[in-house]
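Student: These are the residues of each chain, in order.
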Amino acid sequence: MTSAVIPPQTTSAVAMIRTLGLIAALCGFIIVSAYQGTYDAVRENKRIAVERAVFKVIPTARSIVEYVASPAGEIVKVGAGGTAAVSGAVKFYAGYDKDNKLAGIAVEGVAKGYSDNVRILFAYDPAAQTVSGFGVVTSRETPGIGDKILVDKNFLANFPLEAKLTADLKKLANAIVTVKHGSKTNPWEIDAITGATITSRAVGRAINDAAQLLLPRIVPHLSALKEKP
Amino acid sequence: MNASTTERWDEFMEGIWRQNPLFVMVLGLCPALAVTVSAVNALSMGLATTFVLTCSCVLVSLLRKLIPKEVRIATYIVIIATFVTVVDYLIQAISLALYDALGAFIQLIVVNCIILGRAEAHASKNPLLPTLINALGMSAGFTLGLFALGAVREILGAGTFFGIALFGADFQPWVVMVLPPGGFFVLGAWLLIFAAIARRKNARPLSSPAQGVR
Amino acid sequence: MHESAAQIFINAFLANNFVLAMFLGLCPFIGVSGKLETAVPMGVASTFVMLVASLCAFGINILLAHLGLEFLRLIAYIVIIASTVQLVEMVLKKYSPGLFRALGIYLPLITTNCAVLGVALFQTAREYDFVQSITFAVGAGAGFTLALVLMASVRERLTLSDVPAVAQGTALSLMLAGILSLAFMGFAGLGG
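Protein chains in written order, with the numbering used here: chain A, 1 to 229; chain B, 1001 to 1214; chain C, 2001 to 2192.
No more than 27 angstroms apart at the CA atoms, straight line, and that leaves these computed lysine-lysine pairs for BS3-like:
(1) A:K171 with A:K91
(2) C:K2094 with B:K1069
(3) A:K153 with A:K164
(4) C:K2093 with B:K1069
(5) A:K164 with A:K228
(6) A:K180 with A:K153
Facing chain C, from chain B, some residues (calculated, C-beta under 8 angstroms):
(7) V1026
(8) L1029
(9) C1030
(10) V1078
(11) A1081
(12) T1082
(13) V1084
(14) T1085
(15) L1108
(16) L1179
(17) L1187
(18) L1191
(19) L1192
(20) A1195
(21) R1199
Residues from chain C that keep clear of chain B, each with C-beta distances beyond 10 angstroms, as calculated:
(22) E2003
(23) Q2007
(24) V2040
(25) P2041
(26) V2044
(27) C2056
(28) M2090
(29) V2091
(30) Y2095
(31) S2096
(32) F2100
Because the hints were derived from the structure by calculation, they are not lab data.
Yeah, the Cβ is synthetic: ideal placement off N, Cα and C, and Gly gets one too.
With the hints as constraints, model all of the structure from the sequences given.
Tutor: Structural data, given as structure tokens:
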């Protein structure tokens, strides 16, 4: 063994940056090809998921048109000629029946549940001014407890739920609230499930928040939505 | 069987049994506990991790002479993040329901310490073939571990296996098993079983807590 | 959705505690929680990294959304976190060498602490605004520290008791964590 000490190898900064640049370029290439390669399939999946969810909450619907309602109260069809994103615009889906008549409007609502956000899709029936039903989009609620909102007969009996607007169409005449099990007295109240109060409250809040925001924008334009465009 | 095949087989089995990432090294706990509420979720998570682990290790092994030592960790992380992004889009393309069930934990594969650990400890020092075998063995061990957790939690917590009801309508599910505490209990129980087996074999005692640092 | 800052904080701190309900940051939780004196600095250092990561993630998200490059989000987040950890490491080394040595290997490992990346990812997924993001990061960090301190206190006492040899080590820690997690379930719904 020689006593010569080998100096610790160091890489020059230029070489380091060159290698890192190379690796970054390689990684960028991989990501972009994966993104491009799956883009169509992902979009198709999302479309099918939306369709399935909307058809579930509006059973008579046969086709769907997607709209956004801007804060100024304008309603624009999505997808036609690349609509520019308006800040504060809210998406909703109009479901049309087999005669191309408006069957209902599906709106997404979200509220904090027991363990994470509960994202639901509910159907608004413009003729009766009620929320006719709802479905869960995503929820991480406790199995066997929180997911009772979809099967509990008493809870489902809350629907149709009154969602009338005030005379000036600015807000709901009566805010939708979830009340303790057995104390529902008004058609705009939701009777909670015993033992799943938090999730029941989340459903009520999700519907109320979305309805308060969106219905005043949609209802004045209902006549324009009556027929499938 | 010649010597080298036996060796490779040993290398592969290492990850499944003696160095099982979940039950022996106690790594990668976050996804192991968070998504294993059902056997399907557990298996999908295992496969996603397998993909990321294998691809990352192969790439690291191929580039090992090129990567400057000073910035190797950053490079590994970028490579891992790349493959996680790929797997994220792949799962979205395959099934949105699965994507929603796994949630943010797909992206959190990036910080699964097994992957960084393998890249640093094995792939950066070995040529392609041994790296591949080692990565596959580790992945298989991790996937099996996840499956063992997911299956127990689903059977006890929901009374089903792969969504098929196992018991009659009278079965009252142990809901706690699919809640967060259940994850800790089931993994703890598996570790106890492994420790008991290791003791009975009179092998060296199971890892001390200090080994589970990452 | 309007979540007040107090609700976000309580949710991240107690009701949906990052460690005990969301399973984030388990590795340092099991690894560092042996002693109380390392648990506290580890919690504080992680909280700091979470806060910085959350701020950066907020900026990056706006930038990437502006450029239409959302698919680079994950890489950008992880690089930011790695750099922040490096920064904390250098600052500690210079101003508090004792603490630096005490934390040792665990300090660089904050990079692979899923709780940090979790904060960045969840705040993006939930579309929090600036104040909400900061509150969320602080709440999550406080929750992580709390879990770490509780666990360390229990484990310090446990070293004095007579445990069957087969249950010693990680298995026992996990059972303990399960019991703590059960206790934390009692906070559910507190944040409304």
